Amino acid sequence: MKRKNDLLQLGWLILRFGIGISIFLHGLPKITGGAETWAMVGSTMSNFGIDSGHTFWGFLAAFVEAVGGILFAFGLFFRPAALMLTGTMVVALITHLSAGDSFMQYGHALDLLIVFAGSVLIGAGKYSIDNKFLPKIA
Numbered sequence: 376m377k378r379k380n381d382l383l384q385l386g387w388l389i390l391r392f393g394i395g396i397s398i399f400l401h402g403l404p405k406i407t408g409g410a411e412t413w414a415m416v417g418s419t420m421s422n423f424g425i426d427s428g429h430t431f432w433g434f435l436a437a438f439v440e441a442v443g444g445i446l447f448a449f450g451l452f453f454r455p456a457a458l459m460l461t462g463t464m465v466v467a468l469i470t471h472l473s474a475g476d477s478f479m480q481y482g483h484a485l486d487l488l489i490v491f492a493g494s495v496l497i498g499a500g501k502y503s504i505d506n507k508f509l510p511k512i513a
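Numbering of the sequence shown is given in the working numbering, commencing with residue 376 and proceeding in unit increments.
Since the hints were derived computationally from the structure, they do not count as laboratory data.
Please note that the accuracy of each hint is not assured.
Cβ pair distances, simulated, as ranges [stated by the list, open to error]:
| id | residue 1 | residue 2 | range |
| --- | --- | --- | --- |
| 1 | G386 | V465 | 22 to 30 Å |
| 2 | N380 | F508 | 17 to 25 Å |
| 3 | N422 | N380 | 40 to 48 Å |
| 4 | A410 | L496 | 15 to 23 Å |
| 5 | L400 | K507 | 23 to 31 Å |
| 6 | F431 | L403 | 15 to 23 Å |
The structure displayed is predicted, hence computed values, not measured ones.
Cβ atoms here follow ideal geometry from the backbone N, Cα and C, with glycine treated the same way.
Please model the entire structure based on the sequences and the hints provided.
Spelled out as structure tokens, the structure:
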């Protein structure tokens with residue numbers, strides 16, 4: 376039984392790390408793109424009736440993807456990171472749906488939304504920084 380749990384935890388580590396690094400790489404060009412990129416990304420908030428502060432909202436989304444991706448990968452402050460990534464994917468999904476995009480265009484955001492929302496419930500797992508140093512929040 377212990378071996379089965381160890382394999383489960385190892386599997387979760389591989390998934391968590393791979394997805395975290397992937398979202399980090401997705402957010403990296405946004406965070407390094409500067410104010411023009413942030414304003415473009417943040418303009419999606421118009422779908423929610425927010426027509427100002429686009430640079431701020433874009434920076435926030437880029438920050439969550441880049442920094443949140445690293446936190447997710449290493450399992451540090453995992454649940455808050457997963458929750459923020461969930462919120463970012465909700466905005467991305469609604470943006471795609473509002474534009475009338477097909478599943479081929481919004482499927483990635485939907486997949487990540489499901490993964491991040493489920494991760495909030497699952498937690499970082501045995502092989503994480505949270506589990507090693509912050510067991511009360513793991």
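Results for each hint:
Distance hint check: the CB atoms of G386 and V465 are about 26 Å apart, consistent with the given range 22 to 30 Å. The hint said 17 to 25 Å for the Cβ distance between N380 and F508, and at roughly 21 Å that hint holds. The hinted range of 40 to 48 Å is satisfied by N422 and N380, whose Cβ atoms lie roughly 43 Å apart. Here the CB-CB span from A410 to L496 is close to 36 Å, at odds with the stated 15 to 23 Å.
At roughly 25 Å, the beta-carbon separation of L400 and K507 lies within the given 23 to 31 Å, and the hint holds. The hinted window of 15 to 23 Å between F431 and L403 holds, with their beta carbons roughly 19 Å apart.
Against the hints set out earlier in the document, a violation occurs for number 4 only.
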